[in-house]
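In this note's numbering, the protein residues as written are 3 to 279.
Some hints could be false.
[As the list claims (entries may be wrong)] Capping the alpha-carbon separation at 27 Å, the derived lysine-lysine pairs in BS3-like fashion look like this:
(1) Lys-82 <-> Lys-110
(2) Lys-82 <-> Lys-41
(3) Lys-89 <-> Lys-255
(4) Lys-223 <-> Lys-55
(5) Lys-41 <-> Lys-110
(6) Lys-41 <-> Lys-136
(7) Lys-223 <-> Lys-106
(8) Lys-123 <-> Lys-89
(9) Lys-110 <-> Lys-136
(10) Lys-55 <-> Lys-136
(11) Lys-106 <-> Lys-123
(12) Lys-89 <-> Lys-55
(13) Lys-55 <-> Lys-110
(14) Lys-106 <-> Lys-136
(15) Lys-55 <-> Lys-41
(16) Lys-82 <-> Lys-223
(17) Lys-41 <-> Lys-223
[As the list claims (entries may be wrong)] Beta-carbon label-pair distances, calculated as ranges:
(18) Gly-233 <-> Glu-125: 46 to 54 Å
(19) Ser-150 <-> Glu-39: 22 to 30 Å
(20) Asp-227 <-> Asn-78: 21 to 29 Å
(21) Val-28 <-> Ile-156: 19 to 27 Å
(22) Ile-246 <-> Pro-211: 39 to 47 Å
(23) Thr-152 <-> Tyr-29: 50 to 58 Å
Hints were generated in silico from the structure; no laboratory data involved.
From the three backbone atoms N, C-alpha and C, an ideal C-beta is built for every residue, glycine too.
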Amino acid sequence: MTLIDAQFSPHWILTAVVGLLVAVFVYLGLWQLERAEQKQQLAETLTLRQQQKPLALIDDMLLEESNLQEPSDPENFAQKLEYRQLKVEGEFLPEKSVLIENRKHRGKTGFHVITPFLLSKGEHILLINRGWVKAGPELSIPQFDTPSGTLQLIGTVSIPSPPVLDLTDSDQSGTAVTGSIQRWPFFTLERYQQWSGGDIYPLVLLLSPESQGGFTRQWPKPQVDPSMHIGYALQWFAFALIVILIWLKLSMKKRSVPAIQSDGAFKEVMEDMEDKY
């Protein structure tokens, strides 16, 4: 007869692998929590800036609460303005328009029309995304008009993100159509700067539906819900816990312990029973 007992005896290779996996899973969980915090801060910033009154950009100066501020640091200037409404006055430069391909609207393919806007008495150029236009036959360039003269426009500041992977030829900015108008697969500020050679602000103004000179304008809202990242974090932490439980299970070894039997004591018991009976 044997008594079955369990002994904790982890293998060092298994322990090392488990330790590495747990460290990776915990790191990914913490990273997702950090992303959730960033999204929460972004949501608060977005709500605050959308509730504020439009800013006026006049003669390359920012007018806010009766104070004129010059954007000496353009990139920082753009970051502080992101998601805010901006009011500008000037005129379009249609000959430097760019059309961005494969933009979808209600299942139809078209273009986003981006046209530079020269501020009144200013030196900088502000890029205006005028909205979506339906593509022509075989995805050709459609006809569209650009109003001339001095205009007053309102839009929301956006900072376009570069694509994750750029497979286009860096020596070719796009395919020229209808004079100097370009059609590009995607848009970046650096690309436009190199092609146009103009002095542009590092942002794009999404033209409001109330402003003239635009097309279909249903701008997508930024994804600022932190709950998705919290869910991912819980999944990574759960993976870490599962790995630990599996490691504990595999590290428990069975051992056999011989039962201790005393022949002398057994004989004494038998003799006592014989005496009684």
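Consistency of the hints with the structure:
no., hint, verdict
1, Lys-82 <-> Lys-110, "34 Å, violated"
2, Lys-82 <-> Lys-41, "17 Å, holds"
3, Lys-89 <-> Lys-255, "73 Å, violated"
4, Lys-223 <-> Lys-55, "19 Å, holds"
5, Lys-41 <-> Lys-110, "31 Å, violated"
6, Lys-41 <-> Lys-136, "33 Å, violated"
7, Lys-223 <-> Lys-106, "15 Å, holds"
8, Lys-123 <-> Lys-89, "15 Å, holds"
9, Lys-110 <-> Lys-136, "7 Å, holds"
10, Lys-55 <-> Lys-136, "32 Å, violated"
11, Lys-106 <-> Lys-123, "36 Å, violated"
12, Lys-89 <-> Lys-55, "10 Å, holds"
13, Lys-55 <-> Lys-110, "34 Å, violated"
14, Lys-106 <-> Lys-136, "9 Å, holds"
15, Lys-55 <-> Lys-41, "23 Å, holds"
16, Lys-82 <-> Lys-223, "18 Å, holds"
17, Lys-41 <-> Lys-223, "13 Å, holds"
18, Gly-233 <-> Glu-125: 46 to 54 Å, "48 Å, holds"
19, Ser-150 <-> Glu-39: 22 to 30 Å, "48 Å, violated"
20, Asp-227 <-> Asn-78: 21 to 29 Å, "27 Å, holds"
21, Val-28 <-> Ile-156: 19 to 27 Å, "47 Å, violated"
22, Ile-246 <-> Pro-211: 39 to 47 Å, "54 Å, violated"
23, Thr-152 <-> Tyr-29: 50 to 58 Å, "55 Å, holds"
In this structure, the earlier hints numbered 1, 3, 5, 6, 10, 11, 13, 19, 21 and 22 are contradicted, and the remaining ones agree with it.
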